[in-house]
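Fit chains V and Y to the given chain G structure using the hints.
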Amino acid sequence: MIGVLEFPGSNCDYDVLRALQDVVKTEARMVFFKNQDLSDLDGLVVPGGFSYGDHLRAGAIAAKMEVMDKVKVLAAQSKPVLGICNGFQILCESGLLPGALTRNTSMKFICKWVKLEVQNSTSAFTNLYKKGEIVNMPIAHGEGRYFCDDNTLKELKKNNQIAFAYNGENPNGSVENIAGVCNREGNVLGLMPHPERSSEKLLGGEDGRRIFEAMVNHIKSKK
Amino acid sequence: MDVEIVVKLKKGLLNPEAKTIEKSLNLLGYKNVSDFDTKKVFLMKIDAKSAEEAGKQADEMCRRILVNPVIQEYEITVK
Amino acid sequence: MIKRPNVSLSDGEIELARKRLGREPNDIEWAMLDVMWSEHCCYKSSRKWLKLFPVDGKNVLLGVGDDCGVVKFDDRWGIAIGMESHNHPSAIEPVAGAATGIGGIVRDVLSKGAKPIACIDSLRLGDIKHDERSKYLFENIVKGIADYGNTIGIPTIGGEAEFDKSFNKNPLVNVVCIGLVDKDRIVHGSAPVAGDTMMLVGSKTGRDGIHGVTFASEELSGSSEEASRPAVQIEDPFSEKLLIDSFVEIFQTDAVRGCKDLGGGGFTCATSEIVHKGGKGALIDIDKIHLREPNMELWEIILSETQERMMLIVKKGCEGEVEKILDKWDVPHARIGVVTEGDRYIIKHNDKVIVNMPTHMLAEGPLFDRKAEPIPKRVIVKPKIKDLKKHLISLLKDPNMASKKWIYEQYDNEVQARTVIKPGQDGSVTRITDKEGAVLGTGCNSHHCALDPYGGAKGALAEAVRNVIAVGGEPLAIVDCLNFGNPEKPRAFWQFKTAAEGLAEAAKAFEIPVVSGNVSFYNESEGKPINPSPIVTVLGKVALDRTMTMGIKDEGDDIILIGETKPELGESPKVSLESEKKVDWMMLRLIENQSVGAAHDLSKGGLGVGLALMAFKRDIGFDVDISKMAEGIPEAEKLFSESHGRFVVVTKYAKGVLDAAEKYGVKAQVIGKTGGDKLSYGPFSVSLKEAKKAWENGLEDLII
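Residue numbers (our numbering), protein chains in the order written: chain G, 11 to 233; chain V, 5 to 83; chain Y, 524 to 1227.
Chain G on its own, in the form it takes in the complex (with noise of 0.2 Å):
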């Protein structure tokens, strides 16, 4: 069973509980952000949108919030949580992730379908793609620009935990042009683009589905 974090203001909350569900068929469900018990899930979606409105900085107040330290546990557990988009903002306010996200250097929000480049192959989510592999998925954000000081740029480079990086243009002005991160173990990510808007061709494209369906194999692995 997958959870899908919901917190107030969350978006898109229910486009990945479809994606599950309907399109990679596993089963999920919806995980209000008060008063739940996480113990049954083997696996946690953060999605994206505006929780609490963006407001102090996007994901800082729903990174506080007491079931973030569930969260933390399920990962320490080595289950695997994703954030997606406002969910990676949530994960790195919450220390999940190393470095944060701030402000477009355009000044501007941005929808738009970009290119990535596969960094890392290995993590319990990226371990479909191959390396190198250029994909194409479509990003949505006002603060989306990923920043980390040089020592954590080191230890993300050495570690191999830049897992997706802009290819061909930089949206939002991101470091090393970095679109989503995982942790040292691989079992978290955060990245930037949405996978769960790329995961069906008549949305425009499939490329995201199979960090899903890796989640899913990964889950079944380890029962």
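Just so you know, the hints here were simulated from the structure itself, not pulled from any lab data.
Here the structure is a predicted model, which means the values were calculated and not measured.
Incorrect hints may appear among the rest.
Ranges between beta-carbon positions, derived for each pair [stated by the list, open to error]:
| hint | chain 1 | residue 1 | chain 2 | residue 2 | range |
| --- | --- | --- | --- | --- | --- |
| 1 | Y | 876 | V | 31 | 55 to 63 Å |
| 2 | Y | 598 | V | 21 | 48 to 56 Å |
| 3 | G | 132 | Y | 1117 | 42 to 50 Å |
| 4 | Y | 707 | G | 195 | 16 to 24 Å |
| 5 | G | 74 | Y | 615 | 31 to 39 Å |
| 6 | V | 31 | Y | 1157 | 54 to 62 Å |
| 7 | V | 28 | Y | 906 | 35 to 43 Å |
| 8 | V | 73 | Y | 1051 | 54 to 62 Å |
| 9 | G | 216 | Y | 1156 | 47 to 55 Å |
One-sided excerpt, in silico: chain V residues whose CB lies under 10 Å from chain G [to be verified]:
| hint | residue |
| --- | --- |
| 10 | 18 |
| 11 | 20 |
| 12 | 30 |
| 13 | 68 |
Pulled from the structure, derived: some chain V residues nowhere near chain G, Cβ distances all over 12 Å [said to hold, decoys possible]:
| hint | residue |
| --- | --- |
| 14 | 31 |
| 15 | 34 |
| 16 | 35 |
| 17 | 37 |
| 18 | 47 |
| 19 | 60 |
| 20 | 76 |
We put the beta carbon where it would ideally sit given N, CA and C, even for glycine.
Frame of chain G; chains V and Y shown alone:
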């Protein structure tokens, strides 16, 4: 106690908002303006026994949620 | 001698009010009438003419007269659809004005029990090239729509924009929203059962938007400062998002009898109209209303236009069920009254009655029969186009025809994972079921309407229908936003009246009902009205495996021009409704049986621009020879005339298409082939790269 917290982006981090505003000012004729920067100000009242205690609490709030140390730094003033 | 109350009503209206009430209204009652009898709330100048529209149809589940319409989509689903304008607020504070415009129409759709799933925006801005203010308004209106729509998670999946100096001081911001509702669970804006609870839900009431009410400032408030009353309504999309999520949950219970959003006219409008519609009265305790600020005056509370609020009529005994869901989402709420038998609208404060009027006085404003004076038709001056290539490039660069990417890349057009045909095509398509999608197409050429409001309005609907057809959609319903000048001026009113007549005639001919709409008057400054703008949006339906796009996809295919090109440069092109229907019907058949690989309807910039747009999509050019078409008319007319009723299709089955055209009695001819890196028209050609660059940068260059 009246507490004021000023938050700004860490040095070395691009502040595109400040850059854009400075450019606009230059275009409007204020060509003698440079080093435009922006800060965020949080204001609140803290019910505490001393200024020191209020400052300590404010600092804790910053470290817990109000400030992201990866990209921001802050200054607290207790009045 | 009774003192004349300080309201913006005419002497006649004041007398009418006294007569209908049977006594002198008190100060608060006058303030409420001032709002409810305003043009904006009671449509006194337009109601007579809106009655011309065809409003019935087998697919109309909820027609005109409620917050929005609901159209039958299939055996399970209804599509709620509404269109609204927020022009004047956007002229003053563009970010907040445009944002709250989205907020309002989304709540209108939500109030009918529907989950909002998509928006469309139609913008009219001034001359952004030469007018600084227009540029400022444009940038910030787009920002307002983007910030609000993106935060509440409703995709803006399409839209259009026109730029003309007549809109310099009066931008138009028209927004459409559609929502999904189980067709057996539509909620009406009505309170038909006495004893039900009236619950005010949403943001705490503050002093927003009261500034505009002239009356109250002198008589009632002793010490309130102007400064504490913000003239503009400030948007809070996070609150709106919580409203949406909690209401979608509430509508799954059976606790709600009726619902209405608080928009223009605020509390007064929502509470009086909802009980009036139900044939009942209201007993309201104003002290129960949850407030944002202390020491608010009674009239401030009643007239406030604080955003993100809804009125729920909750079945007696079910209040707890509703409140539990609202508390889950942290949405403020208050039980402020009860629905009563009879027709009295009563407000109490500290147990004393402060307002007591029959509901009809508030909900049914006066009806005016304004004077209309025809504007003599202008002498048509044909533009002299010497250099066809140069003219084409100038059109492609013109913000009216240039790429609108700068706008729509700021809108999240994919949230909710439904958008199948995204911005940049003729129409937009959003998935409703696994097999079918809803289509939205919009139209209005304000230049044509300025020359000929009657023909221009017909053309607006014809264009909106063609936009739906071009992506494979079958039209189901119409919503409209009629934007005009000052109705007290006979010439401006004539523009409205004839446009309404034209739109009505066209809607009847197409057999598409109008299910909702909006009228915005007084769009003028310094005596100069805007170009009349009756903007029309058509909702359609399409099978998801039969959608169509405009881009040329292969080399070596035939290009066929469908429809008749007439020499109408510089004019408002004539609309032959019979021809439109024939062409539309044929186009649907061609798309359905997969005879064409690309389709695009022609409008602004005619054939010249239309063909170019088809080439830009996938960078495949064409070799066309315009000497083969519309013999006898000048080349400039062939290329740039904006005649209605035309499409361009790309096909591998030219004979099949031509045979179909003959069968349907529609003009059609092969004008060229796809392929190459040039746009070749016959008399000239231009490199695709050069033309596309001009088109891509046309709008963006004016903003930076």
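Name the hints, by number, that the structure is in violation of.
Hints 4, 6, 12, 20 not satisfied by this model.
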